[in-house]
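One line per chain: the protein sequences are W and B, in this order. So that you can map any letter, position 399 of the first sequence is 399 in the numbering used here, and since no number is skipped, the others follow by simple counting. So that you can map any letter, position 283 of the second sequence is 983 in the numbering used here, and since no number is skipped, the others follow by simple counting.
By construction, these hints were calculated from the structure, which means they are not laboratory data.
Which bits of chain W does chain B cover? Going by a derived footprint, with three or more residues having C-beta under 8 Å, they are:
(1) 241-249
(2) 525-533
(3) 665-672
Idealized CB from N, CA, C, for every residue including glycine.
Listed here are the chains, written in short residue letters.
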Amino acid sequence: MTSQTQAARAGAVGNFDRALLLNAFADAFRKLSPRLQFRNPVMFVVLVCSILTTLLWGQAWWAQAHGGHGEAPAGFIFWVSLWLWFTLLFANFAEALAEGRGKAQAASLRSSRKDVVAKKLAAADRQAAVTFTPSNELRHGHFVLVEAGDPIPGDGEVVVGAASVDESAITGESAPVIRESGGDRSAVTGGTRVLSDWLVVRITSNPGESFLDRMIAMVEGAARRKTPNEIALTILLAKFTLIFLLACATLLPYSIYSVQAAGKGEPISLTVLVALLVCLIPTTIGALLSAIGIAGMDRMIRANVIATSGRAVEAAGDVDVLLLDKTGTITLGNRQAVAFLPAPGIEESILADAAQLASLADETPEGRSIVVLAKEKFGLRERQLEASEAQFVPFTAQTRMSGVDLAGRSIRKGALDAVEKYLDAAGSHMPPLVRRMAEEVARRGATPLIVTEGSTALGVIELKDIVKGGIRERFAEMRRMGIKTMMITGDNPLTAAAIAAEAGVDDFLAEATPEAKLKLIRDIQAEGRLVAMCGDGTNDAPALAQADVAVAMNTGTQAAKEAGNMVDLDSNPTKLIEVVEIGKQMLITRGSLTTFSIANDIAKYFAIIPAAFATTYPALNTLNVMHLATSRSAILSAVIFNALIIIFLIPLALKGVKYRALGAGALLRRNLLVYGLGGVIVPFLGIKLIDMLLVLCGLA
Amino acid sequence: MTGNDFLQLGVYLAVLLLLIKPVGAYMAAVFAETPNRVTRFGAGVERLLYRLSGVRADEEMGWKRYALAMLLFNVLGLLVVYALQRLQQWLPLNPQHFPAVSPDSAMNTAISFATNTNWQGYSGESTMSYLTQMLGLAVQNFLSAATGIAVLVAVARGFSRRSMASIGNFWVDLTRSTLYLLVPFSFVLALLLASQGVVQNFKAYVDVPVVQVSSYDQPVTDAAGNPLKDAAGNPQTKPAQLTTQTLPMGPAASQIAIKMLGTNGGGFFNANSAHPYENPTPLANFLEMLAIFLIPGGLCYTFGKMVGDKRQGWALLATMLVIFVPLTIGVIAAEQAGNPALHGLAIDAQASAMQAGGNMEGKETRFGIASSGLFAAITTAASCGAVNAMHDSLTPLGGLVPMWLMQLGEVIFGGVGSGLYGMLAFAVVAVFIAGLMVGRTPEYLGKKVEAYEMKMASLAVLLPCALVVICTAVAVLAPAGVAGIANPGVHGFSEILYAVSSASNNNGSAFGGLSANTPFWNVLLGICMFLARFPLAIAMLALAGSLASKKQVPVSAGTLPTHTPLFVVLLACVVIVVGALTFLPALALGPIAEYLMSSH
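Can you build the whole structure from these sequences, using the hints too?
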């Protein structure tokens, strides 16, 4: 992403701007609907408690106005009730804030989904008859013509033509990309725009099912379902809520008995019981649980990865093995020619000249790098060869060689085994020394290309992979996290081993074919491990479909995008590592806040128990270790703390607990200290502070 | 605490720890899936038993069949015990000619012995015939213990098996734990106890003249047995002299051995292990305490061995000790410190060569404070429930410890089998929270903990808690519940809370002071005992079934280690926090209020 678009996007959906906060504020009230609250058992209990205390307040107020009295002073019930409503609103606010960013992005995506008039073709031919059809009537299998300046009317595959396409609406990347028929760059997305030339596109999705539609649904959270882990956590929280409900409800009979037994005091009031209950049930994590999930998806979106489900994001945290393609992920794009190694008795410049001639028509980056190297080393200029005097031999899968035939000369270059076969067929053979040189190159992790003229081997071109800077450290981090990295490459085992050692990956699969890749994934999964991989080509699709976390490149084919469960809009394979971290971070945030929430209860007991039974057993005031001013202020402080802590933790829930690449034991020790021990201590301080403020305000 | 207190605790723990490995390894051999030296030894008897009962030993059961077999077998046992009590006057071996036990008491006792609780509303020597004791109660002592072990073994298989639909065969597990474990161990212990003076005979009770004749006032009753009152409304009495004493007899040693080894705790005599014929010497007392923890402790090792990583078993044992040792020191220290209400008075409660010091009320002089406090902690940590001192007479804080040990869910050693599977439920909850904190779907022993496991584990953790708080509330509101209280006021609340906690965690020890042999208490506690035992065991079997069907996740650096001190501390914290958060309000109104009031 360019810095410009990045800045623009950050402005739109990045920080909490005013509009976003205002919207979230309004949503917080809208979300009070019991139907929505029922999904979250913890907050549903708070809702019921809020309604109950409001009714109790009404009753007490009415009774006091008529000379009687309620079950507690109306003013006290009012304040408790007010803060219970705040607790609910703060929880809703957190969720609304998390959703807000997604909504803003969805709105900008939706604006690019305007219905347009498409030029529908009768056949897959530019010259075929054109009918103008609204884009929402296009169906799977229709052909359309898209010319310079036209928006692409729907997801599809280029069948004829090549064009530069502006995909910034989806990727945020302003530089245009090339889309052409055949190969791995044939997929186009509805809502993007052709800048130059023309394309004939076969539509592959029906209206409402396009990539853009799914993306909008995803970022909006409309398709959000609870993830497996979230469900398990909700069960645990519900059980905790249930047991606290029982513990608090039974306190009334205990209290009635104690009043009779001690012969003094008043049974505990419903308001105090409700206050105790709301303080004890895990409201902190209950309030922030869905915000954490939404924020996790949102972090993916800001990393420019669109996940098709929350489940996929969560699975990313569990990944045991990362399969990484060598090219583009571990090494910088393509191999570069770095040396000419002539056969004995051959001048290096002769070899360079032949190599350059053989590569002139070779438009691959490798071919171009040979031309450049020859020019740099020997000043050999690029030559324009007339088609009449030279005949280029393109690379084919059968010969696996390319080259040129010109006046009496027949120059070829290719891999060792291919050239060996070629020489054998020509009645010659590979000189052992050249073979040894080639093998030596391969051992260094480079790729040897053999250059021949006629039936003579001239020497070896050394093509070298450049390992990306910093990648080694990333892999070391992965290892500390317990994740095994595996390099996938089409290279021979020797080359693969050398690069693997240089990049610091744990293992590699050399001479990988799509079948071998699929088998590898299945084998790893059979051991009970989870596999993540990324891919872009159609031949990656089966492996992507099999992997547990599959990131498809946005530049990839439609088949690859369909098979994966995430799409990386930046098409950066290294992103896989970030995806894993975001997944882990989401789980850690949930676990840490759960621990914090439960640990908080200890202080709340010390605040409420002495206050609740002060009239029956004054001796229990020994437990008032915080020396809270009065029973009333003690209970109110606990309730207020319980509500405010939600607001304080919203930034943490949305940003996520900082992830550190540590082993599980070290990570657990750290988080237990911070959120467990911290969770025990913080409320003691917080409740005391609030109590002091209440005394200052005269509310004690 | 005195040096003697520490010495006794130290010696006990040392001997126990030395025995864990051999006993645990032996049990692992008993339940091994492949034949070995141990199981070959009894193979003939085993085969004969299977043939007689029509059991196909090689048949594997899914968790539902296993649970059904377990439930049916225990309900059947329950009915047999009920019938024996109701019909005992027509059955042999009833030299005292005891009449039939009342229906509610018989039902309570039947449930109590089938659930390994062994709560006793009755007093043995004045209610039960020898036949009822032997054929009903003693047999149930064996079978309820064997059931607990069988369920644990099935749960262990859930962890060790991969992608399998079955968790073993209930009949085989039950037979093996009885045949190889409980019967031979009890035989040896019974002989050791008899050597110390525990009675074992079929004699009628013996009347002997007392050493010192004492006088007392005897109430006068009419023909129907109702007390007569004089004109002022006071009971009429006449002077009487006590010249003879009745000594109860019976086959005690054989029953006491299994009462301890199977963490049953149901005494042959009413005074339980405080009775000189049930627990005559300090050595007998030591053996009985050792017997309580022997199998629950050894099973930790067995579990580790069964799941293929002994460190996991040691970690679970360490967790139990981490909670047990401080609480035991707490109860002994509280008793040694004496009654807080007496502090500041001119009373010498210091331990010295001439006196035990501290609070000796309700304790046997032959055991003293250390052995009584240690016994109280052991019997409530394990769900044994035998007592050698009256818990009602413990100091407020000293009484709080046994009560809380039960409320923790009987997972600190706990019942044979049931204690460890209860602890495993806590471990699953702990692993879940910890697993999230390291950023992975939580897994325990290579098995992923997902929604279903969470449901079953939290059910197992929370069921006993829910029973305690609900049934205590019912009892303090019902006039029939409050009627049983001996000491009104705050101590009365403790008596009720203790009784319900004991029944709802299948412990069976009594605080004393509460007259619980009434229809209300018999029914209420009967319900508690039944619900705490079987639904919990079934939840754990369901968990095992689900785990057995899962794949095993290989260990990596990202896997949460569950054998480290860190995890031990975490697990202990989860057990303590759940126990504290649930029961703190109730304890505040009972022992804590009592302590604070008496020390003011």
